Amino acid sequence: MKSLFRWVSRISDAIAATLLAAIFFIFLLQIGSRYSPKIIGYFGWAETFPALGTIQPLGWTLELIAILWVWVIFFSCAFVVREYDHVKFDIIYLAVSRRMRRIFAVISAVAIAAGMLYAFLPTWDYIDWMKIRKTSTVRNPFAGGKIPMRTIFSVYGAFMIVVAARYIWLAIDTIRNGPPKTELEIVLEAEAAAEAEKST
Amino acid sequence: MSFELASLLVTLFVLAGIGTPIGYSILLASVVYLGLSGLDVALAGEKILQGFYGSAILLAVPLFIVAANIMNAGSITDRLLNFCVAIVGRFKGGMGHVNVVASLIFSGMSGSAVADAAGIGKIIISMMTRSGKYSRGYAAAITAASATIGPIIPPSIPMVLYALVSNASIGSLFLAGILPGLIMGAVLMAMNGYLAHKRGFEVEETVPLKELPRVTANAFPALLMPVILLYGIYGGVTTPTEAAAVAAFYALMLAALFYRSLSFKALYQVFVDSARSSAAVGIVIGGAFILNFIVITEQIPQSISGALEGADISPLMFLIMVNALILLLGCVLDATTIILVIVPLFIPTCEALGIDLVHFGVLVVVNSMIGLITPPYGILLFVINAVTDIPLREIIAEIWAFLAVLIGALIVMMLSPDLVLWLPRLLGYQG
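Taken in order, these protein sequences are the chains called A and B.
Take the first sequence: its letter number 6 is residue -8 in my numbering, and every next letter is one higher.
Take the second sequence: its letter number 179 is residue 204 in my numbering, and every next letter is one higher.
For the record, the hints were derived by calculation from the structure and aren't laboratory data.
For clarity, every value in this text was computed on a predicted model and none was experimentally measured.
For glycine and all other residues, C-beta sits at the position ideal for the given N, C-alpha and C.
Careful: at least some of the hints might be erroneous.
Coverage of chain A stretches by chain B, computed from C-beta distances (three or more under 8 Å per stretch; other residues unrestricted) [as the list claims (entries may be wrong)]:
hint : segment
1    : 12 to 18
2    : 99 to 108
3    : 170 to 179
Derived lysine-lysine pairs resembling BS3-like cross-links, with alpha carbons at most 27 Å apart [claimed, not checked]:
hint : chain 1 : residue 1 : chain 2 : residue 2
4    : A       : K184      : B       : K147
5    : B       : K158      : B       : K147
6    : A       : K132      : B       : K72
7    : A       : K120      : A       : K132
8    : B       : K72       : A       : K117
9    : A       : K184      : B       : K290
10   : B       : K72       : A       : K120
11   : B       : K117      : B       : K235
12   : A       : K167      : A       : K(-12)
So here's chain A without its partners, still in its complex pose (with noise of 0.2 Å):
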């Protein structure tokens, strides 16, 4: 159970990685196919290079980095970001007993889980209602059709399901194995096993 867990954050890292670096390299592309027709067109080169006359400024990029960057949201929020990642407002959590933190935790857990099942039917009859609508300029690599955003808005429904799953989990931990660490205790035990590993 453990191997399989580690093995899906493993995947889901590698993809929220790849989906950002995606975005990043379009971005380079977007300014790129801007600027090649002018220095192209500079020197000169359209005559000896016809090839190189073809190239236009591209209109899809932007879209396709929205579409990314809701991915990029939705899909490392429900898979890579951590609990202690989160912005959170924790003076009263970090005042409190540990006693206190794990029904704390226990409510914010039960509280996220429960919100996102209630509003999930509602929102996905929203997303599903969307495929009437479809991208403007981006196509479907495979079947060349503009993708409906019933598509592109799924993620969101995901998003819920495994935000609702994750804090269930973490809910019963909590109950079971006292509340989840904070940021400070994370970075500094990293240190104290850094340093343990220097001095071996």
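With chain A held as given, fit chain B onto it using these hints.
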């Protein structure tokens, strides 16, 4: 206040108060609001998805994070640090100056105060305390204080977030941040110099002048990064978002090809970490989209400006009040939350009072950064305390002098919009 709005606020405060991630707290509170108002709860998801799909400017956030992580992983940060030591390390209070200048050049854009303090902050603190020339508390305090400058000087994620909620020009905001950032650096260095003389801190071993060209040449390409960024935006070569991509690309080229200090494995880790940080910020931004919709539905900004109009408040009075409020909130909330959730409430009033939105944006960002080091809470103080084991009491005892000059600088910026707006106006900002 309507019953639905009250239940939204109660849900939000209770959940956020017990340590639920802010993004999820907002999401849940808005689901409660929508459910009680009889509206479709799918509106929450709809506003978030449409918001992300429609605001291309936000893409600067992940790209700046990528750029910063590449700079850290690719030893660019270290080279900049060596450069600072060679330039200002020779003066009285030298390492304190190095600390400030390093923050001026290397803006803390990685998006996590913990990461910055645990990385570059820790290096400088150990450099300062190793020789025994500076007390632990002093080293930690000036590190925390100078870390507030990073996000004022472009590239700056808080500025991008402010541009999103206010529709102010991101280019003008970046330009407007430069001078205030330099002023903050200057007052911190002045205070450091004064304290160094008063307490008789010993001078560092100076880097010989003949070494200077080598150290400078080593750091020079990295120093060009802000120049490229600003030229890209103001020269009309790229949009601000594309400029962020170019900055990241430049950092990648430097680290991988020029300095040859970035392995493929390290680059992969940079993208994983950046995706993680971007998503953690992203979910709060998502919360802000839906909250913004509710704030407009409930006509909250109108009632705020209505109440203020009745009270006949001058623009300056309003600025003082908002700044005091943000300074207080900054002690308990982080900059992302303040800018995305609190600041939009005041934007319409600003417009009604004729306060320039770029000026206001700079004040807000500076202010929320100062909040990060304000005792008793100040997140940066905690982080430095945790990663260096310097007792909080010692850090807080030393922070007051730096805090005082930073607040002084904030007051100067508040009173003189012309100073803040000088640079943007020079380059064609109408306002």
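Report task. Would you pick out the hints that fail for this structure and give their numbers low to high? Result -> none
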